[in-house]
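2 protein chains.
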Amino acid sequence: MATIKDVAKQAGVSVATVSRVLNDNGYVHGNTRKLVIEAIQQLSYKPNEVARSLFKKKSRLIGLLLPDIRNPFFPELARGIEDEIQEQGYQLIIGNIDEKYPKEMDYIQTFQQNNVTGIITATNLTGRSHYDDLSSPVVFLDRTFNDHPSVFADGIEGGRMAASELVKRGSKRITILKGPAQLQTAQDRFNGAIAWLRAEKVDFSVIETSSFSFSDAEMWAKELFEKYPDTDGILASNDVVAAAVLHEALRLGKAIPEDLQLIGFDDIPLSRLLFPPLSTIRQPAYDMGKEAAKLLIRLINKETHFEKNIRMPVMFIERQTTRKVEENG
Amino acid sequence: MATIKDVAKQAGVSVATVSRVLNDNGYVHGNTRKLVIEAIQQLSYKPNEVARSLFKKKSRLIGLLLPDIRNPFFPELARGIEDEIQEQGYQLIIGNIDEKYPKEMDYIQTFQQNNVTGIITATNLTGRSHYDDLSSPVVFLDRTFNDHPSVFADGIEGGRMAASELVKRGSKRITILKGPAQLQTAQDRFNGAIAWLRAEKVDFSVIETSSFSFSDAEMWAKELFEKYPDTDGILASNDVVAAAVLHEALRLGKAIPEDLQLIGFDDIPLSRLLFPPLSTIRQPAYDMGKEAAKLLIRLINKETHFEKNIRMPVMFIERQTTRKVEENG
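These protein sequences, in sequence, are chains X and D. Quick note: the first sequence uses UniProt numbering, first residue 1, plus one each step. Quick note: the second sequence uses UniProt numbering, first residue 1, plus one each step.
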C-alpha cells in the first residue's frame, strides 16, 4: 500500500508539500499541486490515520491553562484530558499561567482568537470574573469558582483522612503545613484536617506557606523543624512540600516513621520513588483530567441533565512514612 | 487611577466585556459597547499592561512541542523559553507529543493553521522530514537533526565527566544505564562515558533502557541490582532513573555513597530533595530554553551571521550520592 512518502517521491516533492495539498493549507504552487494529485491517483494512495487528520480543515482545539507546569501534579491532569479528548477528535494546547494575571488574560485572548472550542482552567488567581462572559465553555479543574462547571477532589475529606490516619498511628503533636491562602483546594484540606483534630481534641501547630514550589518548600521544611522540633506527625500541603520535609527530617537524623510520621497530598509519580516511599492522600489527577474533558465536551455539545460540579474521591495511600496501625501501642 | 474593574463597574458589565470592547474581539451588543466606551471616557481610563496587550489585534505565537510533559526536565525548558519570548511580545503554546507520531503531525498542522510565528521542538521521533518544509522557522531543542538550527547540551562531555567523577572517587565496577536508542542526546552521554572508561581501562556493564518514564525506571533499577549486585558505581540515564535506582539501592540496604556511588543527568528540581541529595550532571535546562527562544527570534527576524547550532556546557553537581575526592584512598 502506498504511503505519503511514496506519493512525495513519485511527485518529486517533500512529504510536507503533500501534506499541504491534502490539507489545502499553506501555499503550494499550482503545478506542484497537480503533480501531487497525479501521484496520489497513480499510486491509489489512501490517506492513513495521519493523513486523514490532515484532511480535516481545522482541528478542534481545547485550551488548557495550568498555574505552574513545574508542579508534577498538573502534567498528570493534562495527560488525562488529552487521552479523553483525542478519542473525540480534539487537540489540547497548553498555556502556562505561571501564576501571573497578565499571562492568564493573554492566553484567554489567544484561545478565543484561535477559536478554541472550550477551555479548561486550573488558575490559581482569584477575581476570576474574566471567565464569566467567554464565548466558549469553561471547566474549572482542581478549582471551584462560584457556580461554574468544575471537577475537583474532595479536599475536606482528604484533610480529615490525613489527620485521622496520623492520629490512628500514634502521632500526638501534629504540625500542619497550610497551603496557599488563595487556593480553595488547599484551604479545604486544611479545614478538613483541623475540624477533625479539634473535634478529637488533638494538639496541633500550623506553618503558613504561600506556594507549592520546590525552592520555597525547602524553606518551609527548615522553618517547621526550627519552630516545632518535637513534632511527631506532619501533614504536608502537597507531595512536593512533603518531599522537602522528608529530606530535612532525614538530614536532622530523625527516624521515619518511628520518630516522625509524614503524609503528603496528591500522589505525584515521584512520591513512590522517595525513600522511605511517601504515604499520601491520592488525588486521582489523571481521572480528574478525564472527567473535566468529558464535562467540557458535554457543554460543547449543549447536552442537558448532567452534573456540572464533580467532586472526585480521595484515598489514603499507605507507604512507609507512616507506621502500620498494629505497630502503634 | 481607574482600573479595568472600575470601568466594568461604571458600565455595569463584566471585566471580560470591557476586555472584548478594548480588544474588539468577540460579540458585544452595540449598546453595551457604548456604555463601556462612555465609562472609559468618564473615568479617563488608561489601559494598563494587561489591557494594552488586549489592544493588540493578534498575539504572536510560538509553538513548543514536548515529548512528555511528565518528565520534569521539559517544563524547565518551557519556562526558559517563556521568560525570553515574553519580553519580545510573544506567547508560548505547548503541545505534548506523548511520543506519538500522529500527535506530532497534528500539532504541527495546528500550529501552522493558527499562524504560529515559529516552532521549537524537542521531538523524540526519528524520520523528522516533516519539519523540512514548514513555512515557519523551527528550532530543535535538546535535540539535533541534520543541519537544522538547534540548542543542545554537550552530552558527550557530560558522559565523560560523569564516568571520570565516579572513577576519581573510587568506583571500580561501573554500571551504565543506557538511555533510549532513538535519542541522540542519550546516546551522546553513553558514548562519552564508555569512550573514557575504555581509554582508562575501567570495567563496566550496561543495562539497556527504552524510556525515561517513572514507572519504567523502577523496572530498570530492579534489573540492574539483580544482574550486577556488586556494582559500586552507577551512571543513570537521567535523574528520574537515578531516583529509582537510589530508591532500590536504599531498599536493598546499600550504604550510599560508601558502598555505591550514583550520578544522574539533568539536575531536575527534585534531585536536591532526594535523600541523600543526588549528585548529577547538570544540563542548563532553563538557559537552553532561553537560547532556543533567542535563536528562533533571530530566525523569525531573518537576521544573518549568528551561530545556528548552539552547544551548551554541562556541569558536575556534587551532592551526596558521590564520595568526597579526599575520602577516597
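Keep in mind the hints are simulated off the structure, nothing from the lab. Since the model is a prediction, treat every value here as computed from it, not as a measurement. Hints are not guaranteed to be accurate.
The list cannot tell twin chains apart, which means a pair is met if one copy fits it or any two copies do.
Computed list of lysine-lysine pairs in DSS-like fashion (alpha-carbon distance at most 25 Å, straight line) [claimed, not checked]:
(1) Lys5 with Lys168
(2) Lys100 with Lys294
(3) Lys9 with Lys100
(4) Lys5 with Lys178
(5) Lys201 with Lys34
(6) Lys5 with Lys100
(7) Lys172 with Lys308
Hints versus structure:
1. Lys5 with Lys168: neither (63 Å within a copy, 49 Å between copies)
2. Lys100 with Lys294: Between copies only: 22 Å across chains, 28 Å inside a chain, cut-off 25 Å.
3. Lys9 with Lys100: Close across copies (23 Å), not inside one copy (48 Å); limit 25 Å.
4. Lys5 with Lys178: For Lys5 and Lys178, the Cα distance exceeds 25 Å both inside one copy (56 Å) and across copies (31 Å).
5. Lys201 with Lys34: neither (81 Å within a copy, 60 Å between copies)
6. Lys5 with Lys100: between (44 Å within a copy, 17 Å between copies)
7. Lys172 with Lys308: neither (40 Å within a copy, 61 Å between copies)
Comparing the model with each numbered hint stated earlier shows that hints 1, 4, 5, 7 do not hold.
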